[in-house]
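If you read the protein sequences in the order shown, they are chains A and B. Note that the working numbering gives residue 386 to position 406 of the first sequence, counting from 1, and the numbers run on in steps of one. Note that the working numbering gives residue -8 to position 12 of the second sequence, counting from 1, and the numbers run on in steps of one.
Derived by calculation from the structure, the hints in this document are not laboratory data. It cannot be assumed that every hint is accurate.
Pairs involving identical chains hold if they fit within one copy or between any two copies, as the list cannot separate such chains.
Heads up, simulated SDA-like pairs for lysine to any residue below, C-alpha to C-alpha not over 25 angstroms straight-line [claimed, not checked]:
id, residue 1, residue 2
1, K(-13), H312
2, K(-6), S347
3, K(-13), V240
4, K179, N131
5, K(-13), R263
6, K364, L320
7, K(-13), A79
8, K179, S124
9, K179, E207
10, K(-6), V240
Listed below are the residues making up each chain.
There are 2 protein chains.
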Amino acid sequence: MPSSADKLLARREKLLGPALSLFYSRPLHIVRGEGVWLYDADGRRYLDMYNNVPHVGHCHPHVVEAIATQSRMLNTHTRYLHELVLDYAELLTSRLPDALDVAMFSCTGTEANELALRMARTVTGGTGVIVTDHSYHGNSQAISEISTDGNTVETRPPYVIAVPSPDRYRGRYRGADAAESYAAHVNDALETLGNRGIKPAALVLDTIMSSEGIVSVPSGYLSRVAERIRAAGGLFIADEVQPGFGRTGENFWGFQRDGVVPDIVTMGKPMGNGHPLAATVSRMEVVQAFAGQAHYFNTFGGNPVSAAAGLAVLDVIENERLQENALVVGRHLIAGLQRLAERHERIGEVRGTGLFLAVDVVEDRTSRKPATAAAAQIVDELRKHGVLTNTIGPRDNILKLRPPMVFSKENADMFVDILERLLDALPDAKRTTR
Amino acid sequence: MPSSADKLLARREKLLGPALSLFYSRPLHIVRGEGVWLYDADGRRYLDMYNNVPHVGHCHPHVVEAIATQSRMLNTHTRYLHELVLDYAELLTSRLPDALDVAMFSCTGTEANELALRMARTVTGGTGVIVTDHSYHGNSQAISEISTDGNTVETRPPYVIAVPSPDRYRGRYRGADAAESYAAHVNDALETLGNRGIKPAALVLDTIMSSEGIVSVPSGYLSRVAERIRAAGGLFIADEVQPGFGRTGENFWGFQRDGVVPDIVTMGKPMGNGHPLAATVSRMEVVQAFAGQAHYFNTFGGNPVSAAAGLAVLDVIENERLQENALVVGRHLIAGLQRLAERHERIGEVRGTGLFLAVDVVEDRTSRKPATAAAAQIVDELRKHGVLTNTIGPRDNILKLRPPMVFSKENADMFVDILERLLDALPDAKRTTR
Chain A
-19 MPSSADKLLA RREKLLGPAL SLFYSRPLHI VRGEGVWLYD ADGRRYLDMY
31 NNVPHVGHCH PHVVEAIATQ SRMLNTHTRY LHELVLDYAE LLTSRLPDAL
81 DVAMFSCTGT EANELALRMA RTVTGGTGVI VTDHSYHGNS QAISEISTDG
131 NTVETRPPYV IAVPSPDRYR GRYRGADAAE SYAAHVNDAL ETLGNRGIKP
181 AALVLDTIMS SEGIVSVPSG YLSRVAERIR AAGGLFIADE VQPGFGRTGE
231 NFWGFQRDGV VPDIVTMGKP MGNGHPLAAT VSRMEVVQAF AGQAHYFNTF
281 GGNPVSAAAG LAVLDVIENE RLQENALVVG RHLIAGLQRL AERHERIGEV
331 RGTGLFLAVD VVEDRTSRKP ATAAAAQIVD ELRKHGVLTN TIGPRDNILK
381 LRPPMVFSKE NADMFVDILE RLLDALPDAK RTTR
Chain B
-19 MPSSADKLLA RREKLLGPAL SLFYSRPLHI VRGEGVWLYD ADGRRYLDMY
31 NNVPHVGHCH PHVVEAIATQ SRMLNTHTRY LHELVLDYAE LLTSRLPDAL
81 DVAMFSCTGT EANELALRMA RTVTGGTGVI VTDHSYHGNS QAISEISTDG
131 NTVETRPPYV IAVPSPDRYR GRYRGADAAE SYAAHVNDAL ETLGNRGIKP
181 AALVLDTIMS SEGIVSVPSG YLSRVAERIR AAGGLFIADE VQPGFGRTGE
231 NFWGFQRDGV VPDIVTMGKP MGNGHPLAAT VSRMEVVQAF AGQAHYFNTF
281 GGNPVSAAAG LAVLDVIENE RLQENALVVG RHLIAGLQRL AERHERIGEV
331 RGTGLFLAVD VVEDRTSRKP ATAAAAQIVD ELRKHGVLTN TIGPRDNILK
381 LRPPMVFSKE NADMFVDILE RLLDALPDAK RTTR
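Given these sequences and hints, build the entire structure.
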């Protein structure tokens, strides 16, 4: 470890304490970012295949300039009128289905989900929430309760029920009727809530199922579960913190795959390219019903600088055609990874869409047994070769590939080459002959 | 209303919905800020006596430059090592008592209080929280529960107990033993929790009691209640979102009045001069006990740009001697307001410290009856005269004076002159002859 990192690590332990986790056993000391590249204190360059927060690229000049310019002019709150937050709300809702026309701004995905949950509970009069197994929606108390990745059935409150994520690779239903079979679990969840005397408020889903393992959600699943929660008087909340803003390539939002229109959409991380910005978008009638019983104010939410950052990000996505880039480069990257998968037994499945891909690392393809240690080793080796990524999923055996949206075919080829050399060199890698 | 504001208001209703409140029946359209001044779209200048978020002055060039420079260089998260967040944690904790040496960063005061509460509940194993009547600590579900300004005894969960705020102007105890009499209510609260079979986790106080009416907390109150909650196995959490960063003039933090050292200190609004930045600071042993059972990560919390903003704010407070300025100008402003109070029966009491003052508007001085309508009228008239402020307190009859910390004696004189003319002109103002 370079001595600069050593010193920082010691200071960090002392000043920030032991509750915050770091990436890598020998953590990185990153000092500069540009596009898809991060640079450490020794000037070493890393291809960033992990960070989705710098959505339009690290330090994109258009976003940086928008933040600097508005910071020089005014930065107050939404209790005074200001054009920018309205321009932003207008542009943002224009990217959503017509019915979703009201945006309420906050600072983090957790806050966006807090407000969504509060709206759903206020409007429905219910408290019950249905989520997937191994979900992650944020870090507050109420949102930790519905983040089943960090709690267990035993510690979960009675009003939170988890259904299996619609995993067709390793889950219980893998056939053509998987969408219906998985969706039927929502009926069981509703029945359990009913038996407990709890009225349902919402079904909350990350539509790309990132924490669940970047599951390939079967077509028809989202519309089926939305129908079921609505029939029971609850709302369908799509958590678009991960899939939103064109990342999936095919659509601007994850929920659009199924043509379903959620009652509430939440978004965060990539919205401000690093500036803390989040939103809860819903239908006017839902917001009106909520406003009849409650008020909401968020000091920093939707302030002029946040709005300027958000507008600039949408501009860049449009001007640089980044959704299209995600689709084209994502397909190219998938093709490259599938070529590797043909030769390497370690790669159980390559899945995902756009620039949010999963490489499922397995002991062998027959058992599909998660190879947690091997995946961790690959992440470490990739870092040594100048590529940053990480693992995800219930067993942490899935490589999460989620680079800034300016990722190019050239970047993809570089990654596939490095991964190939690395898999070839892995001592226990079994190879399949083509 | 100017037509620009009219149009914005209509767009706002449509795009942001009816759940967000605005200031003034005819809302302001603010386009520019500088120091203690805000400018509307017609170029009209307003003396800002309300906004504490632009702590070192609207658009302070040192803070703006720090944000712009770091935004151009790198903006990631705390899972990589970075100097700035450590430099900031070091400088921030150096402004706190020695024992409070670990800082965990988030984006909003709500998030800082969420983490504090989670830490307290994890470390103590309790759930019970004691707060004051009419408290405000944030907008999430768990923090709304302990914000008694927005809930009632009936809607409050059994693990939240409110004690009377130590109000010596209108409360039940006004004499020399008020500190002890009010503190004794914590014993009752602990007993109630005990009767309900609930173990206490924390006592949470805004040490300037802003939402409670900017109460003059009697000397000895904070240390007495801290002692009681600790004896019962709970932690003392000081919410310094409002009083922190030198605003009280006498001290850098509100809790320092009593020489008490809290177990956890939370802070937010003014930290980044408008950039979303918040922190939860505690003792290493508390953080270690928490880390033994939980992890915490906040995507944007403590990122390099947030740290740069926070560092710049601390620099400016130091370089421009803003704590001293708050003390000197605050005293000057209090003296001016007290001269008015001698002539105007409407002013029941002038209280507060530094640049966080209250003018308690009453029907008459004998009854001390809150004059809510008169206070609202004064706020509206002040706005017509180019001064921005607002009311607070359980009956919304208290003028809240909380300007950016660069507020000068000249600004104070201007305000007192305007307020004097306005009180003289108020139709129902009774006058006392000197």
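How the hints compare with the structure:
1. K(-13) to H312: neither (41 angstroms within a copy, 47 angstroms between copies)
2. K(-6) to S347: Cα proximity of K(-6) and S347: none, with 44 angstroms in one copy and 54 angstroms across.
3. K(-13) to V240: This pair counts as neither: shortest intra-copy Cα distance 51 angstroms, inter-copy 33 angstroms.
4. K179 to N131: For K179 and N131, the Cα distance is within 25 angstroms both inside one copy (22 angstroms) and across copies (22 angstroms).
5. K(-13) to R263: between (51 angstroms within a copy, 22 angstroms between copies)
6. K364 to L320: Within one copy, since 20 angstroms is at most 25 angstroms while 71 angstroms is not.
7. K(-13) to A79: between (53 angstroms within a copy, 22 angstroms between copies)
8. K179 to S124: Close inside one copy (20 angstroms) and across copies (21 angstroms); limit 25 angstroms.
9. K179 to E207: within (16 angstroms within a copy, 42 angstroms between copies)
10. K(-6) to V240: Between copies only: 23 angstroms across chains, 49 angstroms inside a chain, cut-off 25 angstroms.
In summary, the numbered hints that this structure violates are 1, 2 and 3.
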